[in-house]
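**Student:** Starting from the known structure of chain A, arrange chain B on it as the hints suggest.
As given, the protein sequences belong to chains A and B, one line each in that order.
So in full-length UniProt numbering the end of the first sequence lands on 284, straight run, no missing numbers.
So in full-length UniProt numbering the end of the second sequence lands on 338, straight run, no missing numbers.
Please keep in mind that the hints were generated in silico from the structure rather than gathered at the bench.
Treat the hints with care, as some may be off.
A short list of chain A residues far from chain B (calculated; beta carbon distances all over 10 Å) [claimed, not checked]:
id, residue
1, S18
2, V24
3, L30
4, L32
5, A54
6, W112
7, I120
8, L125
9, A126
10, G165
11, I166
12, S219
13, P230
14, G267
15, Q274
16, R276
Some, not all, of what chain A presents toward chain B, calculated at C-beta under 10 Å [as the list claims (entries may be wrong)]:
id, residue
17, A173
18, F175
19, V176
20, A177
21, G178
22, A179
23, L182
24, V184
25, S185
26, R186
27, R188
28, C192
Yeah, the Cβ is synthetic: ideal placement off N, Cα and C, and Gly gets one too.
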Amino acid sequence: MSAPAVSVRAPRAGLGLSAFEASVIGLVVLLLAVAVVGPLVAPESVYRSDIANALLPPGAGHWFGTDDQGRDVFWRLVVGARTTLLSAFLVVTLYSLIGVAVATIGAAGPRWLDETLMRITDIGLALPGMVVALGFAAAMGPSLRSAIIAMAITGWPITARLLRGIMRQTMEAPFVAGARALGVSRWRLMTCHVLPNSLDVLIVKWAGDVGTTVLVLASLSFIGVGAQPPSAEWGATIAGARGYVSTAWWTVVMPGAAVAITSIAFGLLGEIIQVRRDPSLRGN
Amino acid sequence: MHMDRTFQGSPTPGPNATTLARAVGLTVDMPVQLGASSVRIVDGVDFAIGVGERVALVGESGSGKSVTARALMRLDRAARVSGRVEFAGRDLLALSEREMTQVRGGDIAMVFQDPMSFLDPLMTIGDQVAETLRIRGVGKADARRRALAVLDELRVDRAAERLDAYPHEFSGGMRQRVVLAMALVGEPRLLIADEPTTALDVRVQDQVLDLLDDVSARRGLAVLFITHDLGVVAGFAERVMVMYSGRIVEDGSVDSVFARPRHPYTRGLIKAVPRIDQDLDRLYAIPGAPPPPFARPTGCAFHPRCDAAFAPCLRDVPAVLPVEGGRAACHLHASQGA
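Next comes chain A alone, as it looks inside the complex (with noise of 0.2 Å):
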C-alpha cells in the first residue's frame, strides 16, 4: 500500500488562478465585453440588405464575410451576442428563482405540500425539457419571448430538486437547531438560515447553466419557435443561413462556431467555480 499523497504546493501569487482557469475567465470576461459594447459600435449595416455583396467570403473587407444579404456576419455576430447572452442570463435566472421559490416553500410548508411539490417536480424532471419547451413555445407564438418564457418554465426542476436536497442537509446543521431553540419560526428559520447557507451550489450551477441554456435557445431559434428573422440572435442566425452550407460555409460555422465557444466557456466557468469553492477538488 502506498503512502497516501500528500501534494504540496507553492502559493500562487494573486488570485492563484492557472494558466487555464485565467485563460477561461477571460475568455468569458471578452463574452460579456462583447454583449455590452458591441451593439453600441456596429456598423448600422447588420439589419440592411446589400444584395450586389451577397456571399462574399472572408476577407479584410469583411472578415467572416457576408450573408446571402450581403450583411456583415462578423458584426451579426457581436450584435447577436447581447439577444442571445442577455436572453440566457434571464431564462436561468427566472428558472433559478422559481427553483429557489419550489424548495424553500416546500422546506418550510408541511410534510404534503412538500410531497407534492416534489412530486410535480419529478414529472417536471422526467419531461423532456426540450421538446416541452419546443411545445410551449409553439403554442404562445414563435418569438424569443416565448422560448424565455418557454425555457423558464421547464427549466425550473433540477435547480428545486438540487436546492431541496442540499437545504435537507443544511437543516441537519446544528445552528438551525440552535436558531430554533430560541423560537425562530420554521419560515424564517428556512428563508433566513437555511437557504442562504444552501445557495452557494446554486451560484455554481448557475454559471453553467447558462452555457447549456445559449446551447438550447439557439436550437430553439433554429427550429424556428425562437428570434425570428431578422433577428442577429445566433440560431435565428444559423437557421437562416443553412441552405448555404455548401456553398459559403462561412455563413453558418460562424455562427455555430460562437454557440459552441460560449456554450463551453460558461460551462467551464461553473466547473472551475465549482472546483475552487472544493478544497478537496484543488489541486488537480
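**Tutor:** Frame of chain A; chain B shown alone:
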C-alpha cells in the same frame, strides 16, 4: 404502565425556592423508523426547578438527559412526549406549536455544546443576537442596542466594534459567549445548558462557568445544567439530579449528594472522578455499560452493574422516595424505611 412507581406528592424544587418549572411523569418515546415501533428514551421522570435555582442533570451518555431537556422545549418533532410539563403554571405540552415558539427563547432558552457550529456562519453576530428580539417584534435599532448590552454584560471583547463581524472571526470562548448572549437577550427565566463547556478547553471552560454563575445570580436566572462532568456540578450547581437509563435515580442538594450519595450508581460516578490528591494506579470505573433503552433490565435498570443488588432489585422498579437532603430510587433505602 407505571403503577409500580409511586411518587410522594408532586415534585418540588430545592428548599427556599418557588417552583418555576415542573415535569411530572415526563415520558419520551422516539420512533425508531417512520411509523414503526418506538423506543422509550425517558421513562416517567419527575422533577421541579425553582426560580433562580441551578440544577445539574448528570448521567452517562445515552441516559436520556439531553432528551429530557429537549422535551421540556418540545424540540424533537418526531418524539412523542407524554406526562406533564409546567412552566410558570402553564402546561407546555398543551400549547400550540405557534405558542411554543414564543416560549422558546422567551421563557426558556437553550445553549448547546459546540459554540462553533451553533452560530450561522453567514450572519453577523449582531444580527444573530438581535434575532431573538426581532422575531418578537422589537425594532431594529432597539434590538441592536439590547444585543450590544448583553454582549457587553457577557464581556465579549470590543463588542461594539464587532457587532458586524462574522462568527469565524471569534475565538471558541468568545463564540460561546455570543451563543450565551443569543440565549439571554430574550430575558428567559430558565436557561437549559446542554454541556455548554464540553467542547472548550479547561481554562475557557472556567471563564464561561464563571460568567454563567455571574449572570444567573444577577438576573435570578434558573439554570438546568446538563453535564457528565461532576467537577462542574460541584462548582456551579445547588442541586443535582442523577439520571440512569431514562429515569432519575437520585436528586438532592449538591452538598448532601456528594457527601452521602444514596444510590449505588451515584456512588460509582463520584468514585470514578479522578482525584488529584490521591495516588492511584488505576482509575475506578463502574463495571459494565448502561443498557440500551430498548433492552432495559427488569426491576431497577442498574441492578446488573450494582454490587449491592438483592432480590427486589431484579423484580420491581424502585420508587423515588424522599431521603435526607433529597430523594432516591433505590430498594436499599426503601427496605430501611425512609
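**Student:** Tell me the hint numbers this structure goes against, listed in increasing order.
**Tutor:** none
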